[in-house]
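Just so you know, we're using the numbering used here here: the sequence shown kicks off at 2 and counts up by one.
The hints are simulated quantities; they were obtained by calculation from the structure and are not laboratory data. It is possible that some hints are incorrect.
Said to hold, decoys possible - Distance ranges between label pairs, derived from CB positions: (1) E25 with D59: 15 to 25 Å; (2) R53 with S13: 15 to 25 Å; (3) M2 with Q43: 25 to 35 Å; (4) A46 with K3: 30 to 40 Å.
Ideal placement from N, C-alpha and C gives every residue a C-beta, glycine not left out.
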Amino acid sequence: MKIWVNEQIDPSGMIHACIACANEEQANDCHVSYERNLTDTQKAAGWIARIRTVNSWDEVPVNALKLD
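Using the sequences and the hints given, assemble the complete structure.
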């Protein structure tokens with residue numbers, strides 16, 4: 002099973018927002034939203050929006066909102 006994980010990460014590597022889902026289209030929409038919601042100041046400071054895939058729900062960060 003492929004699961005997409007979207008994360009907003011600050012310059013120190015701390016995850017501030019995380020949503021995981023099994024639907025690729027929904028995951029891509031979420032990634033676009035995460036990118037759009039970062040301010041220019043956050044981007045300049047090194048914040049990033051990242052999308053990645055994992056193979057099981059066990060690999061998803063525990064603080065993630067998990068959507069089926």
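Taking 30 to 40 Å as the stated bounds, is the beta-carbon spacing between A46 and K3 within them?
Given range 30 to 40 Å: holds, Cβ gap about 32 Å.
Cβ distance range 15 to 25 Å for E25 and D59, holds or violated:
Once the Cβ atoms are compared, 20 Å apart, the range 15 to 25 Å for D59 and E25 holds.
Does the Cβ-Cβ separation between R53 and S13 fall within 15 to 25 Å?
holds (19 Å)
Beta-carbon spacing of M2 to Q43 - inside the hinted bounds 25 to 35 Å or not:
Because 32 Å falls inside the window, the suggested range holds.
Checked against the numbered hints above, the structure violates none of them.
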